[in-house]
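Add chain B to chain A, keeping to what the hints say.
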Amino acid sequence: MALVELRHISKVYRLGGEEIRALDDVSLDIASGEFMSIIGPSGSGKSTLMHILGCLDSPTCGTLQLDGTLIHDASPRQLAAIRNRKIGFVFQFFNLLPKLGVLQNVELPMVYSGLSARQRRERAMEALRLVGMENRARHRPSQLSGGQQQRAAIARALVNNPRLVFADEPTGNLDSHTGEVILELFRQLNREGRTIILVTHDPEIAAVTPRRIEIRDGKIAPEADATLAGTARFGTGAPASAAAAP
Amino acid sequence: MDFGNIVSIGFKEIWAHKFRSLLTMLGIILGVSSLVAMSALVKGMENGMREALAAIGGLEKIRIQPASELPVHQRHLADQAPGLTMLDVYALQQNASLVHTITPSIDVWGWGSRTVISRRGKSTRPHIFSGTWPGALELNEHVVEHGRMFNALDEEQARNVCVIGTEIRDDLFGDPEQTGREIIPLGEIIHINQQPFVIVGMFQHYESAREKRERDLARLRPAAAVTNAALSRSWGGRRRGHFVFRMKNDTVYIPLSTMLLKFRSVTGTNSLPDQRLSTLQMRIDDIGLLEPALQQVRNVLMMTHQGIEDFSFMTQEDWADEITAQIRNARVNRGIIAVICLVVGGIGIMNIMLASISERVREIGIRKAVGAGTGDVFVQILIESLVIALLGGLAGLVVSALLVHGIAAITPSDNAPVITVASMAVAFAFSAGTGIAAGLVPALKAARLDPIQALRYE
Chain A
1 MALVELRHIS
11 KVYRLGGEEI
21 RALDDVSLDI
31 ASGEFMSIIG
41 PSGSGKSTLM
51 HILGCLDSPT
61 CGTLQLDGTL
71 IHDASPRQLA
81 AIRNRKIGFV
91 FQFFNLLPKL
101 GVLQNVELPM
111 VYSGLSARQR
121 RERAMEALRL
131 VGMENRARHR
141 PSQLSGGQQQ
151 RAAIARALVN
161 NPRLVFADEP
171 TGNLDSHTGE
181 VILELFRQLN
191 REGRTIILVT
201 HDPEIAAVTP
211 RRIEIRDGKI
221 APEADATLAG
231 TARFGTGAPA
241 SAAAAP
Chain B
1 MDFGNIVSIG
11 FKEIWAHKFR
21 SLLTMLGIIL
31 GVSSLVAMSA
41 LVKGMENGMR
51 EALAAIGGLE
61 KIRIQPASEL
71 PVHQRHLADQ
81 APGLTMLDVY
91 ALQQNASLVH
101 TITPSIDVWG
111 WGSRTVISRR
121 GKSTRPHIFS
131 GTWPGALELN
141 EHVVEHGRMF
151 NALDEEQARN
161 VCVIGTEIRD
171 DLFGDPEQTG
181 REIIPLGEII
191 HINQQPFVIV
201 GMFQHYESAR
211 EKRERDLARL
221 RPAAAVTNAA
231 LSRSWGGRRR
241 GHFVFRMKND
251 TVYIPLSTML
261 LKFRSVTGTN
271 SLPDQRLSTL
281 QMRIDDIGLL
291 EPALQQVRNV
301 LMMTHQGIED
311 FSFMTQEDWA
321 DEITAQIRNA
331 RVNRGIIAVI
341 CLVVGGIGIM
351 NIMLASISER
361 VREIGIRKAV
371 GAGTGDVFVQ
381 ILIESLVIAL
391 LGGLAGLVVS
401 ALLVHGIAAI
411 TPSDNAPVIT
421 VASMAVAFAF
431 SAGTGIAAGL
441 VPALKAARLD
451 PIQALRYE
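Residue numbers (the numbering used here), protein chains in the order written: chain A, 1 to 246; chain B, 1 to 458.
Next up, chain B with everything else stripped away, as it sits in the complex:
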């Protein structure tokens, strides 16, 4: 029995029971589309995470922070712990040859900090307010688009200069999307906790590839841009993209010495001078040398800290690992859901094929009487099941494209789902596998029918 003939018989069977076949296929359609949609979402998530990882300085960055707790055997030495100081910076510059661009910074972190920046009645709170060295530019992947970064002279003289992110500019001077023109506030004076600072530079606007694309599109259609803005505003304000980009845009950098002098020495608000650093960042040349570099830095710091381990390392590798782990988890979770859908679809097919063969006992008997062998009947039923599954799989691929667009439209996020060819191939292969697996039992049952019994069947 030739193949084309069996396939056409399969199609005829499906066509003869259109609605039933559609219901049967629905399981496979849902399974395939959820598999593809899930993997598209995970892929989008992965892309977003990788983009964010690159935006914060890549894998070659090492960050040292004060440890929140000393190791158990050193708890009694807590009052002797020096914390991170400039001494560490100089010691590392001298002795740690595997790291470079060692950059200390004193960060006033987060919205909880009482940093208020004001100008002419407008005020804002920066996400990151940091006193640091110019090296921070390179380490944190910042680009000064307008003006300049503060330099060694500003540091030397502890000048009141700052470099701001676009978000700060938006809050204090106006958002270009609303004012319609881009304000570059170089030379303007803003007050950070009542201290006047001159803006010497502004970073570029950071955004994910998707945001950029959307903004470029909006620029091409100015009218549409207005409605979009209104719409998103009514849905709880302007979307600001991934937190990494938000954080970077909402940043104020000042020279480290200015930070120490104006905000950390004894003033009306500070009763004690605090010279400790919040972070020490540095870079390695070769990611392969991460372990030895960490060891070297540790050795140097253990010397300067008299053996008290009151610091901890943060590498982006941890984050990269976490991304990988999250992706894997998401993949497994969503994969399981999709596979369950496919299994349910497969059971549906099996059910229908069993019903179909008990309906067609006589037909099978006739086919056997005119010379269809066990194998012929087996293959025929299997192919019918496979045809249903493959049609369902194809429809599922189409549905998945719609589904993904639907999801993207309903819950807009930076992680635009990406349908990959590989996921489509896998889903299609799975649907084929399901069709074969679901067809096996009915096919076996049909093939084993005794022709005499089958012919007598009413």
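Only chain A is shown next, with the shape it has when bound in the complex:
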């Protein structure tokens, strides 16, 4: 069974009486251990898709099954618990809390899962080691470079051992070299067995993932651009089980 099963998901916003269909009947499976990218221009609905996959938002209709549990009409509280335990987010602007140190930022998800201070410290240090930031634990985010901040953010996303990690334009705010390093880190994490979903508008970045899904006008485009195919050198060989909506 797939890690994520998305069935006939639609998301409709109302803006001043006008109906905006951000997602239109999207169905998608994501297997455990996959490294995939969701691409699409801004306004295509890829962010909405990520929000629904990431349990930040609920679909207007359709069902989402995550790690064997059907998420249907979940309360904000339940969604928060799912985000906390099963999902990690990496953002374009890092979104570290400036008032907290790096270690405390990484500890943040565990604060909400009710771990003891000692466990939090140990696991946060472990996560920082994983991204090569263990010697920056005492720093403030403002004392770090962009790449270091993003690493800290990745450590925070990983610290609760989530089933799914979302990276929303993770290189968008970094220079190309640092971006490369961060992408390499994702590839490495994927090799270690983590399921990573990259959300980007940039086909070049999407090219590093073995599987790509393109969103256009709220739908999954029939097939990823043929010119992008074959550039995936670091794929894990996960089966491409995307089922485009008929």
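Since the hints were made in silico from the structure, they are not lab data.
All values reported here derive from a predicted model rather than from experimental measurement.
Even glycine gets a Cβ: it sits at the ideal position worked out from N, Cα and C.
Don't take every hint at face value.
Chain B is nowhere near these chain A residues, computed Cβ spacing over 12 Å in every case [claimed, not checked]:
1) A2
2) I71
3) A81
4) P109
5) A137
6) Q148
7) S176
8) P203
Lysine to any residue pairs mimicking SDA-like chemistry, simulated, CA-CA at most 25 Å apart [said to hold, decoys possible]:
9) B:K12 <-> A:R121
10) A:K99 <-> B:K18
11) B:K12 <-> B:V421
12) B:K12 <-> B:A325
13) B:K18 <-> A:L100
Okay, now just chain B, sitting in the frame of chain A:
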């Protein structure tokens, strides 16, 4: 999310905005300190009043005075009204079993009376100049410290003897604070309205507990006492304490028969003899029997007065009730002021918390994205508000102690303010309540933030 963590986040937020937090707390500090200071002042007032009440004879005393006006249906009988006379005293002694120590007196009241007491060129006017029976001693809580009270023999023979309060002694013979030694003028002759009287006794010096304490302190430090005296003198003379104590110290008692004979019979100054009494005082044994005792006394007096109700009762219960009412009013008034301060402080907190959360929308979004639930965010903001309020409350308690001392120093009075633990607890609880109430709306607002919107917020 564990509690200690939220509290430490709250402290961090406050520390990150020290000045802003201080300004926010100021409202609570003022509210709490005014609440505690107000209640301390009221408590001091209450203590002073209770002390004064005890000093004038407690609750078991009944006083009967001539009524200033007859009841409406008896107005036409005004010229038949006998007033209080010795007949009433004898009738009550015979028939009113619930009261004892019935003591008649003729008082020449107040500074307006033309009583002048003089001795060797010095003169004074007593506050109370009263012809009475020895029972007055017990009824008015007087203690003769030097000499004796006049007795039945003095009364029988209408001797020219008097017992004076210390204030009279101070005026005629010298104040021990100035002369440096206490003069006990027993056997001296003073002239009351040109009539010579021998001083046979002097009361003790009456003062409130606070005055006594201050005087004892001053005695321990003689040098300081001098400067204090000079200071208070320059501020409009010596403070004489609560009027009850002042009144008692400024008293001259003479036997009733002497009063009648020397000041109320026909003399050069009095064209008509006036045998009427100014007051009749008596005591009851049991405060629970006050009502039946009053009824009994009334019945007896109605007989002797042929049904004309030209007398009125004064019980200390009236005064006690008045004290209670005054205390309650003061409490309510000052309580309202303090609560308004706290509400204003609460609004300040709410305002700052609202500003703080709109500043921290993104932070809230991040917290929600990593798994903070609605409840977690709600509790966090609420605790931050509570921490501000409680810090303000603690500071307020400290400020209130300073405030109370400041008030006591600026406006010295007998009613030393008393800070009670209960008032501090109430004020602290109020500040906590204010913190929670002020935090509710911002916390709710923060908890309801949509994580997606919050993350996008710039």
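Checked hints:
1. For A:A2, the condition that its CB be more than 12 Å from all CB atoms of chain B holds, with the nearest at approximately 23 Å.
2. At the 12 Å boundary, the C-beta of A:I71 stays outside the reach of chain B, the nearest C-beta of that chain being 15 Å off.
3. For A:A81, the non-interface assignment is contradicted: its Cβ lies about 7 Å from the closest Cβ of chain B, within the 12 Å cut-off.
4. At the 12 Å boundary, the C-beta of A:P109 falls inside the reach of chain B, the nearest C-beta of that chain being 4 Å off.
5. Once the 12 Å rule is applied to beta carbons, A:A137 is consistent with being away from chain B; the minimum gap is 18 Å.
6. With 12 Å as the threshold on Cβ separation, the claim that A:Q148 sits away from chain B holds: the shortest Cβ distance comes to roughly 18 Å.
7. At roughly 25 Å from the closest C-beta of chain B, the C-beta of A:S176 stays outside 12 Å, upholding its exclusion from the interface.
8. Separation of A:P203 from chain B is adequate, the least Cβ-Cβ distance of about 24 Å exceeding the 12 Å criterion.
9. The hinted pair formed by B:K12 and A:R121 meets the criterion: a straight-line CA distance of about 19 Å does not exceed 25 Å.
10. For the suggested pair A:K99 and B:K18, the alpha carbons sit about 14 Å apart, so the restraint of at most 25 Å is met.
11. Taking the CA atoms of B:K12 and B:V421, the gap is near 31 Å; set against the 25 Å cutoff, the hint is violated.
12. The suggested pairing of B:K12 with B:A325 is violated, with an alpha-carbon distance near 47 Å, which exceeds 25 Å.
13. The hinted pair formed by B:K18 and A:L100 meets the criterion: a straight-line CA distance of about 17 Å does not exceed 25 Å.
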